[in-house]
Structure formats: structure tokens, C-alpha cells
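Trainee: Residue-level listing of the chains:
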Amino acid sequence: MTTDYKISEMKMSEEQTGKWGMVIDQDICTGCQACVAACAMENNVTFVGEVDSGYGRSMHWIRIERFWEGEYPEVKMTSNQPMLCQQCGHATCEPVCPAFATVHSQAEQLNLQVYNRCVGTRYCANNCPYQVRAFNWRDYQRPEPLPNQFNPDVTVRRKGVMEKCTFCIQRIHKAQDKAKSEGREVVDGEFTTACAQACPANAITFGRVDDPKSLVSQMARAHGHGVKHLEELGTLPNVTYLKGG
Amino acid sequence: MAESKIVDILAVFPELEPAADAIEQLRLLGIHDDCMNVISGIPVTEAMLGRPNQWTNVPRIAMGGAALGFLGGFFLAYVAPFLYPYPIQVSTQSFTPGPPTVVVLFELTMLGMLLSTFLGVFLDSYFPNYRPMKYVPEVSDGKIAILIECPHADEKKIMDALNKLGAESVRPAEAQHL
Amino acid sequence: MAEKNKQHQEKSHEEHLREEHLMLDPLPRGQMNDMVMESMNTTSWKFWVVFAILSVIVAVYLFYDWAVLIIEGQGVAGVMRPDYWGIFLVNTVFWIGISHAGTFISAILRVFKAEFRRPFTRAAELMTTFGLVQAGFSVFMHMGRVWIAYWLFPYPNQRMLWPNLHSPLTWDLLAITTYLLSSTMYLFLPLIPDLAMARDRSTGWRKSFYKTLALGFRGTEGEWTHLRNAMNIFAFAIIPVMFSVHTIVSWDFAAATRPGWNSTIFGPYFVVGALHSGMGAVIMVLAIVRGTMKHMKYFIRPEHFEAIGKLMLIISMTWAYFFFNDYMVQWYGGDKWTRQLLHFHEAGPLGWMWFAMLVFNVVIPWSVLWNRKWRSTPWIVFIVGLLINVGMWFERYIIIPVSVTINRMPFTWRLYEPGIEVPMGIGTLAFFILLYMAASRLIPLVPVWEVQEGQMAHAIKKFGRETVVTVSDLE
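Top to bottom, those sequences are chains V, D and S.
At position 244 of the first sequence (counting the first as 1) the number is 244 in our numbering, and the numbers step up by one without a gap.
So the mapping is simple: our numbering equals the position in the second sequence, first residue as 1, plus 1000.
So the mapping is simple: our numbering equals the position in the third sequence, first residue as 1, plus 2000.
Isolated chain V, as found in the complex (with noise of 0.2 Å):
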């Protein structure tokens, strides 16, 4: 009975979810950088110029990793992998935090990043088995007209501070608000992030992970083919990744 008993609690900690989630079809995933793009505009992400892009300094909240496979003339692409912060239920990069400037929000079941906060120790961003986090190395020049597309839902960072997709928190607010004014529920669909509505594949699905009716639920579960990424570091990623379906 005891062995049983321990079954059903692995399986509790396995399905545990959290509140927002989302499902990447990397079988569809083009990599143009549409989402890319459209998170830099929609949350103020800075541009770092060619120079400190290249030293790896690249400033984005979703990524498109690009890999291959053989040597040179034979290389085979794979699938491309947009990265982006996983909204881990059990967040490494928390704790480490001596400023507590990224803590977890009980209410929508995120990692935030309090900029103001942020000492600029850069633990969270060693600590992130995902390297999802993006650092303020500089005060970076926005050429114009750049500032005059800023988006006023969204703090500008400056300096030393962390940074790293909020899975479009204002976004999240805004409807929340709405829906409240008029005294319903948020409807699955009602919204979503910059990175999911800029797909032209539709390879990126946002909603609730918790309602087993949303659409990215349903995606979830539905091929059987829904890995997280680096699943046994026990971190409980919010973001399914569908591949080879």
C-alpha cells in the first residue's frame, strides 16, 4: 500500500501546474523572428548594437535557437527552438536572489523580475538552467524615432538590472481588468502575448494551463508528444514544446 501511496505522490508533483502557460509547435516554427520583434515592441526591450550583440549580449526575451547536425556540406537543420523564460513552478532562480527582486506571484503563478529591486548580482541569470534572462550591460541609445514607439504599459529598464519575459504580464492585467469590469471570467482566447499573436505559423499558443478546456491545454495533452524542456532538474516549466509530431 505504501509503494501506491508514493506513486500517487509523484504524480501529484508531475502534474502540478500553474496558472498561464504555453505550447510552442517547433514542427511549424519557421524562425522568421516575428516573435522576436514583436516582444522587443511590445515590452520596451532595448537594442544592444551589433557589437555587444555579437559578444553574446543580446538583448531579447525570446530567442529562436538554431541548431544543426553534421559537418559541413552535410548538415542537416533541425527544428528551430524559440526559448523564452519557462515560468518555472519551482524557480531556481528565486531563491538565489539576496534582494528579493524575483519573486514569485502567487496570484498568477509567474516569476516576476522587480526592476527596481534588482542589485544587479546577476545570481538568477547564472542559476536559470535556460539562460533566458537578459542583462542591462549598458544604458543602450535608442535611435530615433525608437522612443516614440515605447510602449507605456511597460517599464524602461536601465543599468544593471535583470530583465526577462513576464509572459506578457500587462497583457494578462488588462484583460483580467476588463473582464472584471464586467463582471465575467477571462475567456481563453481573449488575449494573448506579443511573441503568440506575431506568429504567422501559429506555432505559439498562450492561455490558461489550468483550465483542461483552454485551447493550450487541450494542445498540450492532445499529440502525446509535449516534452518541457530539461524536465528533470524537478524546475516544472510552464511552456510545452511540441516536436516531431
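Keep in mind that the hints were calculated from the coordinates and are not lab data.
Keep in mind that this is a model prediction, so the values were computed, not measured.
For every residue, glycine included, the Cβ atom is placed at its ideal position computed from N, Cα and C.
Treat the hints loosely; a few may be bogus.
To be verified - Here are the simulated lysine to aspartate or glutamate pairs, EDC-like style, with alpha carbons at most 16 Å apart: (1) 1134/D / 1008/D; (2) 2297/S / 2038/S; (3) 213/V / 188/V; (4) 1164/D / 1017/D; (5) 2336/S / 232/V; (6) 159/V / 2072/S.
Said to hold, decoys possible - Output of the computed footprint for chain S on chain D, the stretches with three or more beta carbons under 8 Å from beta carbons of chain S: (7) 1032–1045; (8) 1058–1068; (9) 1071–1085; (10) 1101–1109; (11) 1125–1131; (12) 1151–1161.
Claimed, not checked - Just the calculated beta-carbon pair ranges, DEER-fashion: (13) 2471/S / 1099/D: 35 to 45 Å; (14) 154/V / 2363/S: 51 to 61 Å; (15) 1131/D / 2042/S: 30 to 40 Å; (16) 1086/D / 2067/S: 36 to 46 Å.
Fit chains D and S to the supplied structure of chain V, relying on the hints for placement.
Mentor: Chains D and S in isolation, oriented as in the chain V frame:
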């Protein structure tokens, strides 16, 4: 009035042995241990000179400081997380995690203990003290000085005795700026 | 005739013992005081030239570059994804390591009554304090927004926001603060009688300087009792603090989910590594002090290098043991990222550093320090100490920027190219030497009263026909 006046005598001895003899002799002459003080350039223990044990509060102050430090650590670990307007959750760790709490309690206990040990030396020795004091610089050359408080009437008798016991110099002590 | 010859031989053996051991070669206290005072008050033109050069290096490389770093941001350093941690943290760990030797010598050797410690406890303890200052500088350089570094300290504030006690960095801050404060106090307590000695025999600004610092110490029975009690408490209590400091530093790495970092043996491995570089640094400092300061050849003798050399050999062996322990288990585990990392350590572009680390930390100490004659020779142990320090710096470099190059996201792999960290690191080294040089001319570097106490406790005794050294337990 003149008879009851207390005077201070400072006798400097070159070695440990005559100093110990002198203390014994002074006791026979009716000088109480409380009226003698030894000034030395190295830590000469009370046992070497046959003197009563010195009282020190340093270990007690250290323990008190350790307790205060522990309480400070306890506050940070068990009280502070509940003072926020809303609880701050990191990962799936509890608000008062076990092992990190041990680290915090340990560091703050040690900090409290060592700070108060240091403070204890200051309190017990009345440091810093820049007032004029009875002192001879020869002490830092390894000589041993005995500072004696005695009635004015006995001054001559005691000075003679000290001279006989091999004191390098015997003189009335005067407070001076160090 | 034979009888006479034998007597002669014994006499020379006794003389030899006195020549070898400072504790058997007593001088009058007044003379020792004068020697220490003279060594402190004497500066040659060479001293001032070195002092001036170091001051310029500190001003430009440390403070000017730091201003640039603050104004421009961390971009002027070489850090990037995935090497979010670079040389600044390598230097932090390195300087904390250096600081461990002072406590090791003045606390552990005091607790175990190792008599050879007496003349150089202060020289070693000064390294602790000044090394921690550099460690603090390095960690603040590393911070992206150093101007709000005070947010990491627990202080009551309007929003009741306290530092996150879940974070190893917060423990680090508490531990390093505790260690810096307690080692400074532990440096100061045994210094008070020597400051009083210096006060009694100086004039002018030095007189008021020592008078202020000596706090009115006379050497009464009470003062000595309080001082001895406090020093005893410190000697015992500072040892676990010292161990905790470098263990917590190692937890910064071991608590992370990085391949190669997540190792349970990192705590003791780091502590031994700290002692390894620290002892190497102590022996270098002693060789320089002995070579450049007046009268120091009397206080610091080959016997001291010999004793420290023995400790270095033992620590080197312990380090090798822990290193192999860590390596073996990582290798055996066979995790694909760890395997990749180990391969990168040895065969990557910085593989030479990995091998140099093993040569400098193990091969050279083992092949030199076993020989009593070699380890008693100041210039030989100076070179060994220097190489150990280079090797230990390499070790930290391999653990931090080289290891974070390999992570579980191969897309981000990239080699670290240091920027402004290098001159700033040189700046901390220059600042350490500068502080040490200034201190060597401002405070008595040899604890004269401790040396005299030791000389009183030592004697030569005959067991049968043999002349031996005896120590009486004065405390």
C-alpha cells in the same frame, strides 16, 4: 587629616621573582591585596605573583552578546518574513526555510558574541581612557611595576622595605599623561 | 681529551639550537622594542618609489576604472551570457582565500600552542583584514547597481523589505561582514600592548597616533586579564567563522543548478583551497618582510619558513585529495553536461590553465617542500608560494568563467574575454600591497610582548646526554 591621607607608591622591579617576593612582604606589612596593582609589559598571571584571581566580565558579556546576536538572527529568520505587507514567495521554499535559517542564526550569533567580547574589553578596562594615569614607561621594556596605595604614615617604611627587596626605583606615583 | 671534545660538541649543539630558534635566543625586551620601533620608523627611498608607483596604480586602475565601470555599466567588463560571473568574482574568492591564512595562523596555531607562530601572527592577521577589504571591493565591483548595495543589508525600512535569507549571497554578506569585523577586532586586541609600547617611545604625530590607538593601556593586571580572556574567546570562536565564510562562498556555486558546480564537497574543498593560497601568500609576505625590513632577520628565521613549508605541504596534499574526490565523482556520474564540462576543462581553449593549476598546486609543492633544506630557504618558498597563488587563482578562474561557459543550453555557449576586470584586479592587488606597506610602517609588525612571553617559556634542557628544547605552559 594629614595622617589619614592615602599616598601612592610606584616600585619598579627588573624581574618576576623579586616582584613576587615584594608582594608577599607588602602583605606582611599590612597592605591589603586590593591596595596593590601590578603593571607589566607581558601578561604576568596572578598565580605567578601569588595574587588573588582577577575578576573579569568578558566571558559573561560575550555570552550576553551571543544571546543578543541569536535573537537578531531569530528576528531576521522568523519574524521579518511575516512583517511584509504581503508574503513574498520564492520558488517553492517556505517563508522560514530550515537550512538557510541555521546559517543566519550561526553568523549572527557569532557576530554578536565577538562584537560584545571586544566591547567587553573596553567596558572592563575603561577604554578608551586618555586621562592622566600612574604609569612608568619602563614597563613596556619588560619591567614589572607595583603600584601601592598606603597611608601617608607608612610611606617611609614601605619605601625602605621595597628598596631592600631589590626594587630598581621606588618613588611616589604621580598621575601623568601617557 | 675525549671528554673535553664531547663537551665542546655539546656546547656547539646548544649554540646551534639558539641560533636556529628565536625562542631560545632571547634579547632584553628593551632591545627588541627598539628593533621593532626602528624597523617601523625606517623607510628607504626604494620604499617611497614603490609606494608612489602603487598609489598611481590604485588611483588609475582601481578608482578611475571603477568610476568608468559605474558610469558605463557592466558592459565595459567581459561578462555576458552565459558568463554572467567573471573575474570580479574570481578575485573575490581569491582574496577571501588569502584572508584565511591570517586566521589560520593566529587562531588555530594559538589554540594549539604552536610556538613558532609568535613572531608573525600579526603579519598574517594583517593579510586577513586587507585581503577582506579587496574581496569586498571585488564583490561590489561585480554588482550591476553598486550604488544601492546597502539594500542587501538588513536594516529597518519603510516597506519592511529585508534581504532574502534564502539566497547564498545574503549568507555570504552576513558571513563576510562577521569575518571582516571579527578579524579586525582580533587584529586589534593583541596590538594594544604593542601600541602602548610604541606610545612610550615615540614623539610628534606618532605619539598622538599611538596614544589614541593604545586607548590608555598601561598593562595592569585587570587589563591583561580582560585582554587574555577576550583573545582566548576570539581564538576559538573565529575558527568556525573562518570555516563558515569560505564554505558559504562555495555554496554560491554548489547551491546552483550548474553542471560542475552542484557538488557537495565544494565546502571543504574551498576551505582547503583558501588555506592553500593563504599559506602561500603568508610565506611570500614573510620573505619580503624579512628581506626588506630592518632587524627582521632576527625575528623571522628559516625555522619559520620551515614550519610554514610543512603546513603548505600538508595543505597541498589535502587540496589534491579534495580535488580528486570532486573530479572522480563528477567523472563517474557521467551526466552528459558534466562530461562535456570536464572535457572542456582539460581539452578546451583554456586547458593549459587546468594543467598549470595541477602543476602549481600539487606537483611543485610536493617536489620542493619535502626537503627540509629547500623549505627553509626564503627565496625557494617565495617562488613556491607565488606559484601556488597563481595556481589557486587559475582554479577559481576555471570554476567560475570557464565552467559557466558550458551549460545546458548549448545555443548560448561562448568563451569569456575579460575586459576592465583585468586592470581592476591588478588595482586590488596594488591596493593590498599599498595597505600592507603603510601598515608595516604604522603599527609594530612583530608582537613583541608575545615574543618575550615565548622566550620566557622556552629553555634548553638535558635529557641524559642530549640537549633538547623545552617549553613551559605559562598560560
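Trainee: Now tell me, hint by hint, if it's right for this structure.
Mentor: Okay, the hints, checked on the actual structure:
no., hint, verdict
1, 1134/D / 1008/D, "holds, 9 Å"
2, 2297/S / 2038/S, "holds, 13 Å"
3, 213/V / 188/V, "holds, 9 Å"
4, 1164/D / 1017/D, "holds, 14 Å"
5, 2336/S / 232/V, "holds, 13 Å"
6, 159/V / 2072/S, "holds, 8 Å"
7, 1032–1045, "holds (count 9)"
8, 1058–1068, "holds (count 3)"
9, 1071–1085, "holds (count 7)"
10, 1101–1109, "holds (count 6)"
11, 1125–1131, "holds (count 7)"
12, 1151–1161, "violated (count 0)"
13, 2471/S / 1099/D: 35 to 45 Å, "holds, 43 Å"
14, 154/V / 2363/S: 51 to 61 Å, "holds, 56 Å"
15, 1131/D / 2042/S: 30 to 40 Å, "holds, 33 Å"
16, 1086/D / 2067/S: 36 to 46 Å, "holds, 39 Å"
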